[in-house]
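Listed in order, the protein sequences are those of chains A and B.
The letter at position 273 of the first sequence is residue 297 when you use the numbering used here, and the numbering goes up by one with no holes.
The letter at position 29 of the second sequence is residue 43 when you use the numbering used here, and the numbering goes up by one with no holes.
Where hints are given, some of them may not hold.
Claimed, not checked - No more than 27 Å apart at the CA atoms, straight line, and that leaves these computed lysine-lysine pairs for DSS-like: (1) K402(A) <-> K148(B); (2) K402(A) <-> K462(A); (3) K318(A) <-> K148(B); (4) K87(B) <-> K421(A); (5) K148(B) <-> K87(B); (6) K148(B) <-> K316(A); (7) K463(A) <-> K148(B); (8) K421(A) <-> K106(A); (9) K87(B) <-> K462(A); (10) K421(A) <-> K462(A); (11) K106(A) <-> K402(A); (12) K106(A) <-> K87(B).
Claimed, not checked - For each label pair, taking beta carbons as the anchor points, the in silico distance ranges come out as: (13) A31(B) <-> P237(A): 37 to 45 Å; (14) R330(A) <-> Q51(B): 18 to 26 Å; (15) Q51(B) <-> V238(A): 42 to 50 Å; (16) D65(B) <-> V375(A): 35 to 43 Å; (17) D65(B) <-> A451(A): 39 to 47 Å; (18) D144(A) <-> A153(B): 56 to 64 Å; (19) R122(A) <-> C63(B): 43 to 51 Å; (20) Q51(B) <-> E284(A): 16 to 24 Å.
Hint data in this document are derived by calculation from the structure and do not stem from the laboratory.
In this text the structure is predicted, and so the values were computed from the model without any measurement.
C-beta: ideal position from N, C-alpha, C; glycine also.
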Amino acid sequence: MLKKWLLCIGLMPLNAADVDIQGTTLGQFRRQSIQGFESANYASVLQYLDLHASNLGDEGFSMHLSGWGYRDLADQSRIDGKGGGDLISAYAQYRFPRANADLKLGRQALSVGPTWEAMDGLSGRADLRGGFNLAFFAGKPVTYSTLTGPAYDDYRHQRNLLAGGRLGWQAPRVLDLGISYLQDGRSPVADPLLVSQMDYSRRLLTGDLRLTPVAAFDLSGRTILNLRDRQDFASGVPQARATSGISEQNYAVTWRIDAETSLVGRYVSRDYQACFAGSTLPTLFNPLDPDKVKVYESIFTWGTSRPLSITLDYRHTRRETYGFSSRFGGNLRWSHAPRNLLTGVEYHRFVADDAIYFGGANPAFGLSHHEFRAWVMKEQGAFACSLDALVHLYDDKENPNLNGQSTAYEFLGSLGYRPSAGLGVSADFAYGANALWKKEARALLRLDFRFESTGQKGSR
Amino acid sequence: MMTRTWLVFVGLVFVAALHLACGIFSPAPSSSPTHPQGLGAGRPVCVTCHDEGSRGPGAKAFGAFDHTSAFLKQHGGVARQEPGVCASCHNQSSCAECHGGKNLLPPSARNGNRPDRESPHRGNFLVQHRFEGKADPSACFVCHGRANNQTCTACHR
């Protein structure tokens, strides 16, 4: 990991015309007491770092690097060891002066069509004549996995390619249509007899749209089609399972009633067999699960740009194998600019069908609960402080997930000092209790720094 | 002689293809890579400067980019259609705070000094996820189905 970082930093021409370096150093301290176990003490040092160099000989040429690393100084805090890190991105980019065209080469995050993946490879996009635009990508996926041994080898073998793109068309200011394709992996399995016997490759076709007949109204959404029938090994002989089909439909209607008021209605449906294709965690996201879910959601917002704003939301979820659940409530935010004060209160109620509990004393348990939150932020010169309180009250104390605790809470306070725009230090302290932690205390020291050779207009 | 003819032919085809390819690109100048003016603190609300009735980038009204609570829940669609608009203020590590393939801290802990941000997984989410996950595990799949799930395997094996 360290070698990767040093290599990338060495390749970056830091004497470039414009350089932007941002970082956050965190010292985290945590003490947890769990019923029936010894207390654990965690102390970790974390470093996030972003380097951006632009105008490298040409106005459109830039290089970007970001990642993080950590080291545990006391008990091991993560399942994958006492130290590690991740190279989030390391790519060179060229932005063409016309057609909003750009090319990126290297490690990058992709957000095209149904794809949200990290990739080592080449991507690009451009506006074409006639209102069309095109985005493409090809490379090798960055594999993050919990798998080990031969199963991980098989996983990497299958995911040997990430390629696809999106062709879009825009009717000026009214309609945005797109069709995109993703090919993730080419080989079904390295060896049918291999222990993993999982199929991680995916082929997805997505159609997306945004229709804006008038500025106050838009309809947006997408439909994802899973083109791949999954290989099933249950009988010992690979057989195709008909898992292809519509994986997701996700559509929202937004009505901006006036400059301060908007109403959003959303509908989502997912087919788990098609949606969970390529899952690396089948115990949670089982690609053989024939379940389906439908979600109806509505969000009302008032006071978008006013000191006082209100949001009310309602979400109704109906899952075939489980039943229904509804979450509704709202939040109120108030900003008092002369005193640099910002505060908010939130309340949500979660109402749900009872969950079936096999093997327990009670055949079912309830999931319904209340959620309360209140927070405040205040700035005074170079100093800043904040308080945040979150409380959950659960209806059914007999829920086995609650270990008899019908209340959970966390209080978090923070105090910060920012002597200049590019430097800030702050300290957080959190204390709470819940069904898992009898008591939890966390402290975090934070150092933010940013150096820019020229002022960027946008805030990053 | 035959080889030379083929080379000329291939060269001509290449030049013609290049000419055709260049001809299909829009001649319009690229938009600014960063927002032309600095943005103040707090959530960007485009309509405070841009006329609500006017149309912004692509086929969208400026109001479609207002960073309201509703926008936070559906920003993915806009990000896929207008990545350049997001990139004018956010770099890829900003997305990775929540959507990284491997994350060290939940965003709410990393930004504990910013309670105004509607960070996911606040407070005792380790307990809460048993309720949310029961209602709809597919909502978790987007981030934890194929990556960023090493912590999950401590219990879900």
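Taking the hints in turn, this is what the structure says about them:
1. Only pairs whose Cα atoms come within 27 Å are accepted, and K402(A) paired with K148(B) is rejected, the gap being roughly 38 Å.
2. Proposed proximity of K402(A) and K462(A) is contradicted: the alpha carbons are some 31 Å apart, above 27 Å.
3. Pair hint K318(A) plus K148(B) holds up; C-alpha atoms about 14 Å apart against a cutoff of 27 Å.
4. Distance restraint check for K87(B) and K421(A): the Cα-Cα separation of roughly 31 Å exceeds the 27 Å cut-off, and the hinted pair is therefore not satisfied.
5. For the given pair, K148(B) sits about 20 Å from K87(B) by alpha-carbon distance, which is consistent with the 27 Å threshold.
6. A hinted pair counts as satisfied when its Cα atoms are at most 27 Å apart, and K148(B) with K316(A) qualifies at roughly 13 Å.
7. At roughly 25 Å between alpha-carbon atoms, K463(A) and K148(B) fall within 27 Å of each other, so this suggested pair holds.
8. For the hint linking K421(A) to K106(A), the alpha-carbon distance of about 36 Å lies beyond 27 Å, and the restraint is violated.
9. Using a Cα cut-off of 27 Å, the hinted pair K87(B) and K462(A) is violated, with the two alpha carbons roughly 32 Å apart.
10. A hinted pair counts as satisfied when its Cα atoms are at most 27 Å apart, and K421(A) with K462(A) qualifies at roughly 16 Å.
11. At most 27 Å may separate the alpha-carbon atoms for a hinted pair to count; K106(A) and K402(A) exceed this at roughly 36 Å.
12. Proposed proximity of K106(A) and K87(B) is contradicted: the alpha carbons are some 34 Å apart, above 27 Å.
13. For the pair A31(B) and P237(A), the beta carbons lie near 39 Å from each other, so the given range of 37 to 45 Å is met.
14. Between R330(A) and Q51(B) the C-beta distance comes to about 22 Å, which sits within the given range of 18 to 26 Å.
15. At roughly 27 Å, the beta carbons of Q51(B) and V238(A) sit outside the given window of 42 to 50 Å.
16. A hinted range of 35 to 43 Å holds for the C-beta pair D65(B) and V375(A), which are about 42 Å apart.
17. Checked against the given bound of 39 to 47 Å, the beta carbons of D65(B) and A451(A), roughly 43 Å apart, stay inside it.
18. In this structure the hint that D144(A) and A153(B) lie 56 to 64 Å apart at CB is violated, the actual value being about 29 Å.
19. Range check, R122(A) to C63(B): Cβ separation about 26 Å, and the 43 to 51 Å hint is violated.
20. In this structure the supplied range 16 to 24 Å holds for Q51(B) paired with E284(A), their Cβ-Cβ distance being about 22 Å.
Hints 1, 2, 4, 8, 9, 11, 12, 15, 18, 19 from the earlier list are contradicted by this structure; the remaining hints agree with it.
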